[in-house]
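Enquirer: Protein chains in written order, with our numbering: chain G, 1 to 170; chain R, 1 to 400.
Note that these hints are calculated values from the structure, not bench results.
Check before you lean on any hint, since a few could be wrong.
Okay, the calculated bits of chain R under chain G, using three or more residues with CB under 8 Å as the criterion [stated by the list, open to error]:
no.: 1; region: 8-20
no.: 2; region: 51-61
Heads up, incomplete: computed chain G residues facing chain R, CB under 10 Å, no partners named [what the hints assert, rightly or not]:
no.: 3; residue: LEU16
no.: 4; residue: LYS25
no.: 5; residue: PHE38
no.: 6; residue: SER43
no.: 7; residue: ASN68
no.: 8; residue: MET107
no.: 9; residue: VAL125
no.: 10; residue: GLU127
no.: 11; residue: ALA134
no.: 12; residue: SER154
no.: 13; residue: LEU156
Just so we're clear, the structure is a prediction, and the values are computed from it rather than from any experiment.
We put the CB at the ideal spot given by N, CA and C, even for glycine.
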Amino acid sequence: MYTLFEQLFREHYKTLCYYANIITKDMEVAEDVVQDVFVKCWSAIQNEKLEIQQEHYLYRSVKNSALNYIKAKNIRQNYVNAQKTGPPEESTDSDTLVATETRERIMEAIDQLPPQCRKVLILCVLEDKSYKEAAAELGISINTVKSQMTKAFSILRPRLKDLTMLIYFL
Amino acid sequence: MKDMNPVEKAKMQDLMIRSITADPLTVKEQKELSDWLDLNLRNRQEYDDLITFRSLIKTEQVNPPDVDRAWRKVSKRISTPLVAPLRTSLFPKWLKYAAVLAIVSAIGLLLYRNLYSGSGNRPELIFAAVRSSSHHAELILPNGDHVKLQDQTPLNISGNQNALVARNKGNVLVYNAGEGQQGYHKLIVPEGTQYEIILPDKSHVWVNSGSELTYRVDFNNAAIREVKLVGEAYFKVAKDKKHPFIVKTDHMDVEAVGTAFNVIAYKGGDYAETALVEGIVNVTDKHGNKQRMLAGSKIRISNKKVNVLPALEKVSLAYDDYAWKDGVFVFDNMPLEEICEQITRWYHIKIVFTNDGAKKLRFTGSMQKDKPLSTVLKFISTSTTVKFEFKNSTLYITKA
Chain G
1 MYTLFEQLFR EHYKTLCYYA NIITKDMEVA EDVVQDVFVK CWSAIQNEKL
51 EIQQEHYLYR SVKNSALNYI KAKNIRQNYV NAQKTGPPEE STDSDTLVAT
101 ETRERIMEAI DQLPPQCRKV LILCVLEDKS YKEAAAELGI SINTVKSQMT
151 KAFSILRPRL KDLTMLIYFL
Chain R
1 MKDMNPVEKA KMQDLMIRSI TADPLTVKEQ KELSDWLDLN LRNRQEYDDL
51 ITFRSLIKTE QVNPPDVDRA WRKVSKRIST PLVAPLRTSL FPKWLKYAAV
101 LAIVSAIGLL LYRNLYSGSG NRPELIFAAV RSSSHHAELI LPNGDHVKLQ
151 DQTPLNISGN QNALVARNKG NVLVYNAGEG QQGYHKLIVP EGTQYEIILP
201 DKSHVWVNSG SELTYRVDFN NAAIREVKLV GEAYFKVAKD KKHPFIVKTD
251 HMDVEAVGTA FNVIAYKGGD YAETALVEGI VNVTDKHGNK QRMLAGSKIR
301 ISNKKVNVLP ALEKVSLAYD DYAWKDGVFV FDNMPLEEIC EQITRWYHIK
351 IVFTNDGAKK LRFTGSMQKD KPLSTVLKFI STSTTVKFEF KNSTLYITKA
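Bound-form chain G, shown alone (with noise of 0.2 Å):
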């Protein structure tokens, strides 16, 4: 069981870094998340309340879990500012809002596309991969990477298609 966990560590743990920094925006704080999901998700299989093969939940759990520390730095943020003296900003308070709740909702994209199509996005866009390299690192064919962006992005862009819009507005 061990053997099988670490498996899944060292499979997912980079990929599962780069998707909480989406939200965290810091490596650093993105990889605690990471890691303490894992340590809770080792106690739940040995309680036999998970199986191990369970990406779907990893990626849940470390978008949750960047959600909740994102959360709780803005209230702690937004108590920050009102303490100043001063004129509020709103501005920027809503900016962040608004930015978090769109992260959320990209988040929430990337977590449901099947499995594969996920990891080779992360790969060539948030790790800087080469189609070549993210092919070699995945042991799959360069035409595969593409045909697996392809279809991430046709299932994302859907999803996508206010962005701009909602961006723009801020």
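On the provided structure of chain G, position chain R as indicated by the hints.
Expert: Showing chain R alone in chain G's frame:
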């Protein structure tokens, strides 16, 4: 896009997607893409959406995570034993301590004499006078009355209608399950003493020096068994799945069903800590981050780091984390700085380190807490090179 054939459309999609990745477009491809984007507004809009998407999710210049390092950290955290290690490891550990103790005390006396033989005033004599438990614990009743809990004489505490609420005997306060009582009781345990209390639900709490515990008298009628703690206490919670037992502190809340755990949350302390000995508890920090703890682990929230860490820091648990409840000091390779925190509270003295070097020195040994201060200092001075000086009820520690 209606006017394009599917092959060309797919090619443009591919180019657009590749343009937001690290996969470089050739000059020719770049030209093709920009021509296509200029073709109509819809194309441009689609491309803009992609760019926005990328800018929203991507952080530039990221230090890539180190998987090996992370695995070392995680494997350490998950290797804490699942079942409380006490039953098996406690006894041998005690024997080990006992052996250390015997040797240490023998050599200790010799060394101690040598160490102080030059100085004019014999600290031994002063330290010998510094003992604990010169103070009594107090109970504050709902009407604001303070009741002194004497060590020797049995004491009955009555509520309204003179119904018996609790009995005090020795250093133990025992509550009746009696219903119809109302209001809160607050147990104040001063420095230099510790107290045991058995709550109406039969949960057993050991309250350490310099701590306060507040709880409802009609504990059994509440949906949630809630106590508030400032300081340190060890809880052995009576099983009752329908009524969760929650320890509230300034920095974290600990929720248990039926388990044993130690909570440290001193006012002005650098950290709050929960050490779980048996069972399972949930710990929630003040930002609502919740974690489930397993037996044999320890969670610490540092005040200094509270704005940085979303994660609760976890360490594995040892007997010296809660040995105090059995009336002993147990130091297992503990830094002098932490030892002195315990000594300060127990002997009610001030301790000053004249240089930082001494703080990090580590010491191993165990001792009954009813011994005078001199005995503790004797132990410490045998295996570590520190000098003690006692002036105006302050103990000065210097690394020799």
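Enquirer: With reference to the structure, classify each hint as holding or not holding.
Expert: Here is what the structure says about each hint:
1. Proximity of the region 8-20 of chain R to chain G, defined as three or more residues with a beta carbon under 8 Å from a beta carbon of that chain, is established by the 6 residues found.
2. Under the rule that three or more residues need a Cβ within less than 8 Å of chain G, the assignment of the region 51-61 of chain R holds, with 7 such residues.
3. With its C-beta approaching chain R no nearer than about 9 Å, LEU16(G) sits inside the 10 Å limit, and its interface hint holds.
4. About 5 Å separates the beta-carbon of LYS25(G) from the nearest beta-carbon of chain R, less than 10 Å, and the hint is met.
5. Because the beta carbon of PHE38(G) sits about 5 Å from the nearest beta carbon in chain R, less than 10 Å, this interface hint is met.
6. Here the hint on SER43(G) is kept, as its CB sits about 6 Å from the closest CB of chain R, short of 10 Å.
7. Checking ASN68(G) against chain R by beta carbon gives a least distance of about 6 Å; that is within 10 Å, so the hint holds.
8. Taking 10 Å as the C-beta contact cut-off toward chain R, the hint placing MET107(G) at the interface holds, the least distance being around 8 Å.
9. The interface hint given for VAL125(G) holds, since its Cβ lies 6 Å from the closest Cβ of chain R, which is under the 10 Å cut-off.
10. Evaluation of the GLU127(G) hint against chain R yields a held restraint, the C-beta minimum of about 7 Å falling below 10 Å.
11. Look at ALA134(G): its Cβ gets to within about 9 Å of chain R, closer than 10 Å, so that hint holds up.
12. Interface hint at SER154(G): satisfied, since its Cβ lies 8 Å from the closest Cβ of chain R, which is below the 10 Å cut-off.
13. Interface hint at LEU156(G): satisfied, since its Cβ lies 7 Å from the closest Cβ of chain R, which is below the 10 Å cut-off.
Of the numbered hints listed earlier, not one is contradicted by the structure.
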